[in-house]
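With the hints as your guide, set chain B onto chain A.
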Amino acid sequence: MKPLLQSEAFVRIAAPLAVGILLIGLWEVGCRLASIPVYLFPKPSDIFASLVHNGPSLLRALTVTLRVTLQAFAAAVVIGTLVAFMFVQSRAIEVSLFPYAVLLQVTPVVAIAPLIIILVKNTQLSLTICATLVALFPIISNTTLGLRSVDPGLANYFRMNRAGRFKTLVKLRIPGALPYFFGGLRISSGLALIGAVVAEFVAGTGGRSSGLAYEILDAGFTLDIPRMFAALFLITLTGIGLFGAMVVLSKLALSDWHESEIGAET
Amino acid sequence: MKALMPGEPLSENPDQTTASADKPPAVEVLSAEKVFANGTRGLAPIDLTIADGEFLTLIGPSGCGKSTLLKLIANLIEPSDGRLLWWRGEFGKVGQDGRRFAFVFQEPTLMPWARVDANVRLPLELADVANAKMAPAVAEAIERVGLSKFARHFPRQLSGGMKMRVSIARALVTNPNLLLMDEPFGALDEFTRNNLDADLIRLWWERKLTTVFVTHSIYEAVFLSTRIIVMAANPGRIFRTMTIDEPQPRDEGFRDSAKFAAYCRELSTWLAEASLPTASGAAS
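If you read the protein sequences in the order shown, they are chains A and B.
Under the numbering used here, the first residue of the first sequence is numbered 1, with each subsequent residue one higher.
Under the numbering used here, the first residue of the second sequence is numbered 267, with each subsequent residue one higher.
Don't read these hints as lab results, they were simulated from the structure.
Since this is a predicted model, take the numbers as computed values, not measurements.
Please note that a few of the clues may not be correct.
To be verified - With a straight-line cut-off of 20 Å between C-alpha atoms, the simulated SDA-like cross-links for lysine to any residue are:
1. Lys171/A / Ala401/B
2. Lys171/A / Met377/B
3. Lys171/A / Pro291/B
4. Lys415/B / Thr458/B
5. Lys171/A / Thr375/B
6. Lys474/B / Pro291/B
7. Lys167/A / Ala393/B
8. Lys167/A / Asp394/B
9. Lys171/A / Lys474/B
10. Lys337/B / Pro152/A
11. Lys171/A / Arg381/B
12. Lys415/B / Met377/B
13. Lys337/B / Glu449/B
14. Lys167/A / Ala396/B
15. Lys359/B / Gly164/A
16. Lys167/A / Gly361/B
Stated by the list, open to error - Computed from the model, here is a short list of chain A residues facing chain B with C-beta under 10 Å:
17. Glu28
18. Asn156
19. Leu254
20. Asp256
21. Trp257
Cβ coordinates follow ideal geometry from the N, Cα and C atoms, glycine included.
So here's chain A without its partners, still in its complex pose (with noise of 0.2 Å):
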C-alpha cells in the first residue's frame, strides 16, 4: 500500500479540490473583508443560504432543464448516428447533406431560437429541438470520422473474406468508431445543457419558460443575486456530472483495448 499523498488517485481528486477550497476561501474572505455589498458579489456563504433557502424552486427548476438537456443529448445521439451511418453509406449523401449540418452547426442557437419557439407551440418540445441543434453535430462529424477511419488493413481483410456491407458495418465499422464515437459524446453532453439554458433564456425573455435560466433572469429582475449565483452553481453542477458520465462510460466500453483509455500501467 502506498502512502496517500503519491496515489495516483489520490492526488487527482485532492490536488483540484484543495484548489476550489482554497479559492472559495480567499472569495468568502475578500468579499468580507472589502465588506462588498450581497447584491453586487455575493460571497459563498450567501450563495449556499440562497441554495438552502430556495432550494425547492431551484431543483423544480433543475428537473426542466436537466429533462430537456437529457431530451435533446439523446435526441442528438440517435440522430446524429443515424445521419453519420448514411454519410458513411453513400459518398452522395455525404456531400450532399455534409455543408447543411455545417449550416446548422455554425448558426447561432440564439439566433434562430426565437423563430423555433415562435413556430413549435410547445415550450418543451421547442427548447429541446434548439438545445438538439446545438447537440447534434459533434455526434455527426465525430462518428462520420470514426466510421470512416477503418484499419485499411482489417478494410482489406474483410474485402478478402468477401465481408458484406452489414457484416463489415457491424463488425469492423461500429467497434472502431466507438472511441471518435464516446470523444463526440463528450462535446455533445455540455453542449446540449449550453443549448437548452441557452433556449430556456430566450423562452425566459417571452416568459414562457421556468428552468434554472429562468431562474437566473428571474433572479436579475428581482436583484436576488445569490439566487443567480446558485442557479448558475448547479448548471455548473449538471454539465460537471454530464462530463463525468460521459468519462465513465467511455471507460466502460473502451478500457479494455483502446489506448486513450488505457492507464499508465501497461
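Frame of chain A; chain B shown alone:
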C-alpha cells in the same frame, strides 16, 4: 530424385518439383500481365504453375512485382491481360468447390477491440459457419500456434511475434487450401522470425497446405521453400527459379548445413544479378 545443385537454372521446366499427375495444380498463371492505371508496367506476361502442396517463395528487389503477383494469385486485382486458373477453374468456382484462400499480411491486422479467440473466429463468422462448429476450430487453431494460454488476451497485451501467430491462427482456422503470405515476418526481429519460420514449416507440412510466400530474406526463402522464384524489376518478371531439394519437414539443423549455405550463396548471387540495371532492362 537426384539432388539438384543450387546453381542449376530451372526456369525451363518449373513444373517438375512436386506436381503429381492426379492432383490439379493449385494455381496456373497464364501469360498474366499487369499494367497499372498510370501506365506503369507492374508485371510483364508471366507463366507460372503452382503445384498442389508446394511451398513457393517469391523474392526479388523492390518493385519487381512480387506483391503484385501475389495479389493476382489472391484475385485481389485482375490481370490486364492473360488469365489465372485455380485448380483448373475460374476464380468464381473456388468458393463453390469449398476451397478457401487465406491471406497473412505483413502486419498482423488484428481487431484491437477483440480478444485473441474472437480475432481468430472472425473468418468463420464472415463465412457464416455454424456457431457450434466455431469453438472447436478456433481452439484448435490457437493451440496450433501455441497461444492457448492467451486466448482471452487482447492484441495489445501480446508481443509482435505473438500477434503474428494470432494472424496465422486466423488464417489456419478456415482450413484453407491455399495460403498466401506477403512478407509476414518482415517487421519482426530475426530470432522471432526464425521461430515462426520453424512453426510455419511444421504447419505447412502437417496440412499439406499450398503456400505462396513473399519475402526479402534469403535465409527465410531457402529454409522454407520447395521452390523459389527470383524476380527482377522494370518490368516485373520471373528472373530465375530455384528448387530447394531438402526433405521435409525441415528442422533447425538444415540452417547449419553446408547445403543451406550453398543455396543461400547462390540465391544471393542471383538476387544481385536480378537487381542489376542491365538485368532490369532499364538504367534509371
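Outcome of the hint check:
no.	hint	result
1	Lys171/A / Ala401/B	holds, 18 Å
2	Lys171/A / Met377/B	holds, 9 Å
3	Lys171/A / Pro291/B	violated, 35 Å
4	Lys415/B / Thr458/B	holds, 19 Å
5	Lys171/A / Thr375/B	holds, 14 Å
6	Lys474/B / Pro291/B	holds, 13 Å
7	Lys167/A / Ala393/B	holds, 10 Å
8	Lys167/A / Asp394/B	holds, 10 Å
9	Lys171/A / Lys474/B	violated, 32 Å
10	Lys337/B / Pro152/A	holds, 16 Å
11	Lys171/A / Arg381/B	holds, 13 Å
12	Lys415/B / Met377/B	holds, 19 Å
13	Lys337/B / Glu449/B	holds, 13 Å
14	Lys167/A / Ala396/B	holds, 16 Å
15	Lys359/B / Gly164/A	holds, 19 Å
16	Lys167/A / Gly361/B	holds, 19 Å
17	Glu28	violated, 49 Å
18	Asn156	holds, 8 Å
19	Leu254	holds, 8 Å
20	Asp256	holds, 6 Å
21	Trp257	holds, 5 Å
Hints 3, 9 and 17 from the list above are not met by this structure, while the remaining hints are.
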